[in-house]
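Chain residues, written in single-letter form:
Number of protein chains: 2
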Amino acid sequence: MILKVVISVVCAVSVLTVGILIGHFGIDKGSSAPSWVNDVAKDVDEALIEKFLSEVDNMQIQENLRELTKVPHMATTPGDEQTVKLMLERWRDPETGLDDAWREEYMVYLSFPDTKNPNKVTVVSPSDTVIYTAREKEKPYTADQDDPEVVQPYAAYSPPGNPKGKLVYANQGKPSDYQELNKTVDLRGTIAITRYGGAGRAAKAINAAPYGVIGVLVYTDPLDINDGLMSDINETYPHSWYLPPSGVERGGFSTHYGDLRTPYLAAKGNHTDFADITGIPPIPIQPIGFEDAYVLICELGGEAAPADWQGAFNCSYNIGGPGFKQTSAFNSSDVKLETFNHGELKNSSNVMGVIRGSVEPDRYVIYGNHRDSWVHGAIDPSSGTSVMLELTRVLGKMVKQGKWRPRRSIIFGSWGAEEFGLIGSAEYTEQYFTKLSERTVAYINVDIAVFANATLRASGMPSVQNVIFKAAKQVNAAGMESTSVYDNWIKYSNWTSPEHGLIPKMGHLTGAGSDYAAFVHYLGITAMDISYTYDRSKTNARIYPAYHTAYDTFDYASKYIDPGFFSHQAVARTAGNVLIRLADSLVLPLNCSDYAELLEMYLSRAVDLYQTDLCLISEPLKSAVASFRSAASHLDQMILSSDLAKETPMKVRRINDQLMLLDRAFLDPLAFPDKYAFSAGMSTFPGLADAFAKAESSGQSSDWDKVHYHLSVLSQNIAGAANTLCPLFSELKKYN
Amino acid sequence: MILKVVISVVCAVSVLTVGILIGHFGIDKGSSAPSWVNDVAKDVDEALIEKFLSEVDNMQIQENLRELTKVPHMATTPGDEQTVKLMLERWRDPETGLDDAWREEYMVYLSFPDTKNPNKVTVVSPSDTVIYTAREKEKPYTADQDDPEVVQPYAAYSPPGNPKGKLVYANQGKPSDYQELNKTVDLRGTIAITRYGGAGRAAKAINAAPYGVIGVLVYTDPLDINDGLMSDINETYPHSWYLPPSGVERGGFSTHYGDLRTPYLAAKGNHTDFADITGIPPIPIQPIGFEDAYVLICELGGEAAPADWQGAFNCSYNIGGPGFKQTSAFNSSDVKLETFNHGELKNSSNVMGVIRGSVEPDRYVIYGNHRDSWVHGAIDPSSGTSVMLELTRVLGKMVKQGKWRPRRSIIFGSWGAEEFGLIGSAEYTEQYFTKLSERTVAYINVDIAVFANATLRASGMPSVQNVIFKAAKQVNAAGMESTSVYDNWIKYSNWTSPEHGLIPKMGHLTGAGSDYAAFVHYLGITAMDISYTYDRSKTNARIYPAYHTAYDTFDYASKYIDPGFFSHQAVARTAGNVLIRLADSLVLPLNCSDYAELLEMYLSRAVDLYQTDLCLISEPLKSAVASFRSAASHLDQMILSSDLAKETPMKVRRINDQLMLLDRAFLDPLAFPDKYAFSAGMSTFPGLADAFAKAESSGQSSDWDKVHYHLSVLSQNIAGAANTLCPLFSELKKYN
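Protein sequences, first through last, are from chains A and B. Just so you know, UniProt numbering puts 291 at position 291 of the first sequence, and the rest follows in order with no gaps. Just so you know, UniProt numbering puts 16 at position 16 of the second sequence, and the rest follows in order with no gaps.
Keep in mind that the hints were calculated from the coordinates and are not lab data. Predicted, not measured: the structure shown is a model, and the values here were computed from it. Heads up, a few of these hints could be off.
No distinction is drawn between identical chains; accordingly, a pair holds when it is met within one copy or between any pair of copies.
[Claimed, not checked] Below are the EDC-like pairs computed for lysine to aspartate or glutamate, each with C-alpha atoms no more than 16 Å apart in a straight line:
id	residue 1	residue 2
1	Lys706	Asp276
2	Lys646	Asp39
3	Lys268	Glu619
Using the sequences and the accompanying hints, generate a full structural model.
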């Protein structure tokens, strides 16, 4: 009986168990979660980041660079087309490529010298005899530097012409330099020699023309680039990273960016020459090496130039009689400048690649760099392109193997014709303006990946500081095993933040130094620029010395910039880590409280500077900054205190949209109609600063009105940004 | 034994069943759906719409109107403040109010006459004796028309002044009218009398000044407003809806909209007078009744004006000698215009109300109307405000009772100071520019709800046609039991669409006639304007005759515009239906294929008009329109073919974002920098049409270049819009 009972109980329990099992697993509960419920809640995978970091290979980067720098690849030349094909081939590779890759073409206005009629700089006697000729090409030290495709040094967008006149030395060609010079020298009909730095390239000619100067020379002084060194016998390349005497910096000589014929419109070939081109040199300008500049400057007559105009030459820099000193062999001679540059419409390509997002394909993280160089461009831009190709190889492989698909879409851009004025990236933003503005989470720019191999350098909107720090803490510094990029960085550059204490110092993207410009100033997209850079205790070079010269080759990069390619690797790891976090994080890793901190610092600086004058720093500005801080804290608090993975994805999206669109609120195209695509109203309060400076110097009440106007613009922008951080209106409303 | 087996089996089955039940219901599967899964998939509830329609009450609307029109409520007067308080009280009602309501204040620049020194129009003899004085106030027929708060008829923003000169008749004051007049009359030092219509109010004075005209009068000709009728003994109000002889249309006389001192900036009191005010009359201008205009015009000398300048007076409209005819008692007399208007900074309020969205609180449907009138404003704007209050009562009640909460947030705006130039709505869009631009699904404007009681009239972007039609089919036409608003509408106004066949004709929001302007032209938000309007077979009145006069009262509205308030009810039901659909639909009821149809029509019209001249209609424009069509079809197809309620909410949000942001893509503030806040690039291709007209008339190649430029702008805008309809780039890319 007991047995029977036991058997019955056992049976019953078994049957019950079977029933429970059937009930639990066998019957669809109807309300069970759809498959996408887990997908939408997924966050960044730290293990995947570790895997990514371990796979980034310095030797692959080195081989990428070797491949990219085989021939000169100036924009739209056959060498450029070769790199287009290389990018497409890599990004379409079935094992390591992206989901998709294609080219986007634009018909853009470029400027070239005449290969049959090289530009010339000569000294000619009063009887028109040539008594000195500046070097037309740089002296080759290796076979590649002697490639016939090495373009003659020239100033792109300089007009053709053959001005001849007495030489003067105009320092850096700033407005104040010509103003100073004009006090003692009649500049009409002169040729001015200037050194790089202090003013934009085109500005050196634009600033000169109103004084009657008819031609401009520009060179790089050894003081500014070579820490004073000059000799290629033992001091400069090929013995070091320093610029040889015949090295010449080429460049785009325009103050605007984007295709000059089609402002605000994509250069798609449907334009006439309607748009008047402005911002280019009105008079011929030509760059020369310091070897020739030495000969010209040291023979100049007239008074000695001011102390801060003196460079590294072992002679007095005189301002010019105008012209050469009486004791010189050049006495009474003129300098003659013959330029044969011509404009040309050329087909320039961006190469685009995409990894499609799984959950939010309509959110884009864009990573880009230009592809075109002036000559071989090993550092500028191929160091960045080598890094980008290594990133896409590692990420592409994970995608192709089915191991990873980012939450958001990633777009890679290999921009064309950057050297002529950020043209490829600007045309891209013009063509896709609305779409990019509405959907882009962030833009990461890695142009020159390695200026030097000492430390990380990062610039960007304040909201990206946090994610860059996080990534930099996870990556080993170049060539170090137990020091992170972050710990190394903080040694070279730091400051004490009221909120975070001692942290590395980030830069701002205020200018138009690389392809981030159109994203920042035209679209208002959160952006950053990442590279490795100098130990400033070791050099004062304004940039790495081979910049834009024929010496920026694989040999130079691998011997003197980053032997072993460990700095390239550190940049690839750091930027890739940031990229993955932006693409995969459930909540975008953009920090609006760091934005608030910066605004508060600007405000307090503005109060210090202007308050005493006129009680200028008005209550609306103070209250706008306070609103921003309060909205930022509120949003931060909400992110920290919620388990967003468990909440509706609409809430996550809402928060992410607020973070994504924050920088758009600072964009005010209507407030600065006179500044071409420099419409960001915030940054360092530049509108206010400019207006204040002008009002202080003029004292006119209409100028003070403009100061008030800029205060209003600023207050509205910051209050508007605070508003975008709130889900609804009621948070900021006041009852009456 | 059998029994035992049976019992055992029964027991076993029972136990199994219990097990299954426990397994199924008792154990959490872990993967069961979170509660929000159903919420995010919810679509519009048709039963709720039926309930809404049934609750909209014509008598409530009538009582709202009675309340709103008790006193004159010109912007910023005590009467206006009374309506502010009324709105706040209604929207904060615990039973029928909204979630939240508050006021937003702006310090705006208005213009008023001097109550102690009324503006005067007189005829003065050469010896300066006044021989005729125009009426200073309208003749009262009811007590409210005699209210001391009835503002004297005046032209807001007309400067003060006292010009005196010979009178001329300048028709409608268009540029061509003054040009024509100037052929035979020396206009220097004259006063021009003009009739309303043909040109904007301010334009009548702005166009006159260059010819030396020193003052302008403006009146409403009975031909244009009264179907020719003139007598208040038996023809005009109080016997009909027609304008009595002394009625005068007031108005804002400026060509821009928004606060004139603070373009692009919210008028928050932190501005100086920096901004130069443009677009207002440079010479005094004053409106008068046709009673006085009759006396002045019929005495004019000179030649008879052209046939199309003649109005309804029983005399010849002569152009003026200049001045009166020799046979007139006014012979050699001047007309003297004395205006004492002054500008004033006044605190104007918007009243804002919100119903918070449940699923997507960060998506806004905005419904608005202005609150300020010129006098009692029964029709303009209180007919619309009465409708809005009835909508918020019905919707508020459902919210307060817990029966409804919309998917998206609904914002109600009761704008201030519209009559002075759409100021409240413009300042609102300036203050919240980024936030509104990023989050607003659509703007619904119901200003004058009922011009007349014949048929619905609707204008808007092409994408809203579909939802308006859907709503109009569900609502009974005013005063009809078996005819829908839609079926009634199609009888009055229709066209044959290539895609839909015979449908009602929608208008476009191209001008700045009401508060939709800033939403459309400045923000690029999808918008519509809804009202009931005339049977055009019965009247040619350019607008309802009491417009902007002292006769626009409750008596007038309830007797002659909408007795029984059935048209108000039909508008409330139709607009409310559209509002609920926009707020609640899973997929936004915005149709991009209807946009494509309109673009194709514009294209084909442009081809007809311009093709033969210069092969102008370039391939990029054609291909942009084709891309738009293809993207629209693709998106439509995706919406139709998917069961989006079952898919990830991210996909729904993506589609909705594409639909919401479509109109933003047509906004190009940089392409038309010279047109103040009229930056929509598309619409009827206005940039192209203007440029073409100018080029054809001048024949200059620089003007033809501008035509090409506008073609490029247009092509890029349309292609950009097509792009925003695609989730990624790859859909539109071309491989090389």
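Here's how the hints hold up against the structure:
| no. | hint | in the structure |
| --- | --- | --- |
| 1 | Lys706 x Asp276 | between (28 Å within a copy, 12 Å between copies) |
| 2 | Lys646 x Asp39 | both (12 Å within a copy, 14 Å between copies) |
| 3 | Lys268 x Glu619 | between (47 Å within a copy, 11 Å between copies) |
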